[in-house]
Each structure stands twice: as structure tokens, then as C-alpha cells.
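Asker: So you can see what is in the structure, the chains are spelled out below.
2 protein chains.
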Amino acid sequence: MKPYAFGIDIGGTTVKCGFFKNDGTFVEKWEIPTRTENAGGMILPDIADAILGKLREHGVGLGDVEGVGIGVPGPVLDDGVVDGCVNLGWGVFNVAEKLSGLLDGVPVKAANDANVAALGEQWRGGGKGFKNVVMVTLGTGVGGGIIVGGKILGGGHGAAGEIGHMQMRKNETAVCGCGKKGCLEQYASATGIVRMSKLALANEKKETSLRRLTEITSKDIFDAAKTGDAVALNLVDTLGEMLGSALAHITAVVDPDVIVVGGGVSKAGQILLDAIEKYYRPAAFHACRDTDFKLAVLGNDAGMYGAVRLVLD
Amino acid sequence: MKPYAFGIDIGGTTVKCGFFKNDGTFVEKWEIPTRTENAGGMILPDIADAILGKLREHGVGLGDVEGVGIGVPGPVLDDGVVDGCVNLGWGVFNVAEKLSGLLDGVPVKAANDANVAALGEQWRGGGKGFKNVVMVTLGTGVGGGIIVGGKILGGGHGAAGEIGHMQMRKNETAVCGCGKKGCLEQYASATGIVRMSKLALANEKKETSLRRLTEITSKDIFDAAKTGDAVALNLVDTLGEMLGSALAHITAVVDPDVIVVGGGVSKAGQILLDAIEKYYRPAAFHACRDTDFKLAVLGNDAGMYGAVRLVLD
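Respectively, the protein sequence lines represent chains A and B. Under our numbering, the very last position in the first sequence is 313; numbers go up by exactly one each time. Under our numbering, the very last position in the second sequence is 313; numbers go up by exactly one each time.
Hint data in this document are derived by calculation from the structure and do not stem from the laboratory. Note that CB positions come from ideal geometry on N, CA and C, so glycine has one too. Careful, some of the hints might be misleading.
With a straight-line cut-off of 30 Å between C-alpha atoms, the simulated DSS-like cross-links for lysine-lysine are [to be verified]:
#: 1; chain 1: B; residue 1: K151; chain 2: B; residue 2: K170
#: 2; chain 1: A; residue 1: K198; chain 2: B; residue 2: K170
#: 3; chain 1: B; residue 1: K151; chain 2: A; residue 2: K170
Selected chain A positions facing chain B (in silico; Cβ < 8 Å) [stated by the list, open to error]:
#: 4; residue: N132
#: 5; residue: G156
#: 6; residue: E162
#: 7; residue: M166
#: 8; residue: V254
Rough simulated footprint, nothing fancy, chain A against chain B, three-plus residues with beta-carbon under 8 Å [what the hints assert, rightly or not]:
#: 9; segment: 157-169
#: 10; segment: 286-300
Start from the sequences and build out the full structure, keeping to the hints where you can.
Answerer: So, in C-alpha cells, the structure goes:
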């Protein structure tokens, strides 16, 4: 194996770039802006320039690079074809082939960003030591990634692990961004729990410290819950109910060794896991009832780790 | 590759034995009884005898056998260890290793019976031509198998695809065989729809042809539904709602190319698929909304096909 590799995580505003040794440790990490103008046509050339510049800086030639892995915020088929990325302005094309062409044919592999984050956590993070991992990312939305035997489960349309749109409540009246009603991310994301808090404050008379805030964040809700605030505890409980029930479905399908919970909301820590497990364990298939929950540990680096793992496997 | 192989499907009352050419066509198939006495200690010796006898009959030596695949009615780990089979009286042991020992070291691979049936349908049945298949088997219970990239997804505890115990109704009062309430198989199996029919006949005043039967089967219910019987149509609709909703969850997790529906209940045909799709499509994640449904075609042979595929891959 050649001595170096890159793990690139493309986001809607910045591209996280990781220059790695082939043992999976960082040489250096940095960010460049994601230029989405002109249908995102500059994104891959910008990445290629960044990689070539970094190599020059370190006096390393392209011939010493094992490959480049990239995580993309959209569905990616197994052959590297991106099936449209709204956030980047991208249509349908082979992102791996295109970037490889800009790098003198260095091997490039691409996968969905939530899936590479899951692979990163399985390889070097909360799921380390386990081959079969379900990762849930609780951020603005709810993302997911399924790792089976140490590999990403991509799916027939690049949509495996899209658990944020599992329909958990049929009697919901609010509409999800996807057009359906009652999706998991309407309850279990940062946005979701804040949305629920507004409804609770409007409909309930109970005193709560949340009423004193002008703008409520998911962190405020978990902080209030930790002090025993009943309204906040109830919101955390609903999040736990929705996510715990969804995870019981998910483990009945893929039966992982471990479940890793990441994303901004996961900074709440044990109180979050407790709320999820309260509903997960009684609903889970008996063989999966004792499956462990772990917090993600790599934070924003998970995508770079997972991306580089695509080419260091 | 050697010219012959065996695909063995162990059931609670009979063992289905398939003697195959290495192109996956049958030389012959036959059955032997499953002797569950003495903690199932005779089952593997009986299978070894059956295989050796069949080889003698055809004048073929063990040296011409590529391998033996077996499907087992219980959880099987990737290394061939069976994690207990209540129906067979088996505890925990390596079934692949044990049978191989009885056959002079011929390679043996083992997997769960629902999973090998799914593999059979993916290889030679309703899912032929697709690499990523979700199969649901609607029989006495609801079984499932997930095929990813042409391989069985076994899971960390051999429990992947155990979709019959996804909890679909939280307000159910009837208890499932597994001890939980509201499991998919309480509605979507042959037993489940008959159970629901009894409740409907007891609680509803509506006239229905089902009232004239002394013992109702799931076939009776589908036959009545096909003639327009409102009570029967309602039962089929509930089955479709439960299974369609569950499949929307399942495809959000593994995103198959195609969904194959098999088992005795699937003989109802298009009316069953229509009932499932009515609830599946609006609940599914958009990338999976148009995923095709197919009926299984191999019937009771699916397990033998899938078992032999384990060693002919």
C-alpha cells in the first residue's frame, strides 16, 4: 500500500479535507469553502487543487497516494455515480471518475456523507472493534448509516440508512420537509425537538424554564431536562420514544453489534441514551434487546475518517 | 469448481434435500424426516447418510462435491455457529463444522432458513437479476431475509431479517408468541389474519360469507375478499397496512432493488400485493417509493436453492 491517502467530506458550506498516512492517522486537516455557484462545477476542481497543493507543500508526489475517498451530501451508487445533490447544485454524474480524472488517475471512491461518517465511527470511533454498526446522526435532520461486515450498505438507489424519513406517527398534522407527515426527524432531530417545544409552550400551561428563553435550542431543552424541568423532560422522552421505536425496527432488519449515536444532539450524553433505551429495549426483537448503545466520538472528523477508509480498506 | 453440490433445508418435520449440478440445476430432490428426539442429535448424521447414499446411488464420489449448504430454523452466526434451534432441540454448536466432519471434510456452509430462502429467490426466483433483495415470507409467522450485493445479511446475532417481530401497533392488547404486543406477524401472517377474522366476526354485525365456515383459513379470507366480501376486504386491508408500513421502514434502512413476497399467504397473488402497495408507497422514503414488488416463484424449493448457493457462489 502506498504511504498516503486523502479523506474528503463535502458539506454544503465547507469541504473538510484530511491528509492521512496509510495507517489512518492524520498528517494534517484543513477546510476549503464549497463553491456551489455554476451548478457546483468548481467543487471538484477546488478539491483537486487543494490535494495537489497539499502534496506540493509536503513534497509528496501523486504516485505516493493510495487513493482519495469522498463523502457526498446525496445518494451515491456503488459505482461512484451521484444521483443528484441538491445542496451542491449537482445533477447525475460519476463523481469518483471525474475527480480521479483531475488527479492523474489516482483511485477515487465516493459514498454518501452519512454513510462515510458511520464508517468512520465504526473504524476509529464509537463503533471501533465492531463489524456491524448502525449509526444515527442527530443534527438538523436525522441521518443514518449502516455498516455490515466493515463495509457501507449503500442500497439499490444509494438510499440505505435514510432513517430520518421513517414514518413514526400516522396521525401527525405537521408536514416534514420531504412532504410526508410523521417522519422520525420531525421529532428526533435538533430542529424536531425545538419544533415540539414550541407546540408544548403554546398548548401547555405548565411552568418551565424554557419560557424565559427568546430562542430555544435543542441544547437548552436538554439542559433544562437535566435540571428536572418537567416540560423539557417530556420533550426528551418523546424524542426517545420516536428514536427508540425506530431503532427497534432498524435492528430487527440489520441486527448490528452496536448502535452509535452522533450529531450535535448527542452532546447531551447519557440522558439522551437513557431516553432512547427506555423505548428501544421493550420494543426490540429479543436477540437485539441487549445491543449496546455508544456515543459517537469523532465529531466533525467522522466523515474524513470514513472517506479515507473507503480507499484504505 | 467441482461438478456437484447439495442444498439442504432443515425444517421442523422434514429435511428437504437437493442434489445439484454446479450450474444450479437439480439432479434430484427428496425429503427425509427430521428426527428431533435426543436433542436433535440424529439430524446431522441422518443428513450425512442421505447425502452419502445419494452419491452412491449416482456413482459420484465425495471428491466431486463442491460443498453442502444448509438452512437452519434458528439464528446462525457468520462462522456457522447455531445459536440454539428450539424446534430441533439444538443448543449452541458449529453446525457447519459438525456436518463437514461427518462428510470427510467436504466444505459446509450454514445460514438461517428464512435467509437462505431469500437467497434462493434472489438467485433463481422472484428476485432474479437483482443484487439487493428484501424477501418477506408470509406463512404461519412472518419471516424475512435481506440480500445485499447477492449475499445474505446475517447480522451480529444471526437475527437480521427477523421482521415478524417489528412492533407495528403499540395499543395492541393481544400478546405475540414472542411476548411483545403488536408484532407484525400478529396481523400479516396466515395465523395473524385468521386471528383478526375471529375478532371481526365476534365484534362486527356485518354479514360475511366467512360466518358460514366452521374453520377459517387465510385462503378463505382472500377468496372471500376476491368476491367483494366487505369484512374479508377489510381484513386484507389491515394486513396490507401493517406489512406496507413495515416495508416502508425496512426499505428506508436497506434500500433494496426489489421486494419479493413469498410463503403460503402469497398464493393470494395480486390482491395481496395491491393491499401492501396501497400503504407502502405513501409511507416510503422517496427514493424507494417506486421499488418493485414481486411474488416469490420457487415455493418450497427456495430454501434448497439458497442453501446450495451458499457453496456455489
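Asker: Holds or violated: is there a CB of chain B closer than 8 Å to the CB of A/N132?
Answerer: Because about 4 Å separates A/N132 from the closest Cβ in chain B, which is inside the 8 Å limit, the hint holds.
Asker: Hey, B/K151 versus B/K170, does the alpha-carbon distance stay inside 30 Å?
Answerer: 33 Å, violated
Asker: Go through the hint on A/E162 and say holds or violated, using the shortest Cβ distance to chain B against 8 Å.
Answerer: Cβ of A/E162 sits 5 Å from chain B, so the hint holds.
Asker: Closer than 8 Å, Cβ to Cβ, for at least three residues: run that test on the segment 286-300 of chain B against chain A and report holds or violated.
Answerer: holds (count 4)
Asker: Taking 8 Å as the C-beta cutoff, is the stated coverage of the segment 157-169 of chain B by chain A satisfied by three or more residues?
Answerer: Holds: 10 residues of the segment 157-169 of chain B have a Cβ under 8 Å from chain A.
Asker: Straight-line Cα separation of B/K151 and A/K170 no greater than 30 Å?
Answerer: Violated: B/K151 and A/K170 sit about 34 Å apart, past 30 Å.
Asker: Report holds or violated for the interface hint on A/V254, using the least CB-CB distance to chain B and a cut-off of 8 Å.
Answerer: 5 Å, holds
Asker: Is the interface hint for A/M166 satisfied, with its Cβ closer than 8 Å to some Cβ of chain B?
Answerer: 5 Å, holds
Asker: When the nearest CB of chain B is found for A/G156, is that gap smaller than 8 Å?
Answerer: 4 Å, holds
Asker: Given the hint that A/K198 pairs with B/K170, does the C-alpha gap stay at or below 30 Å?
Answerer: Holds: A/K198 and B/K170 sit about 26 Å apart, inside 30 Å.
Going down the numbered hints, you'll see the structure goes against 1 and 3, while the others check out.
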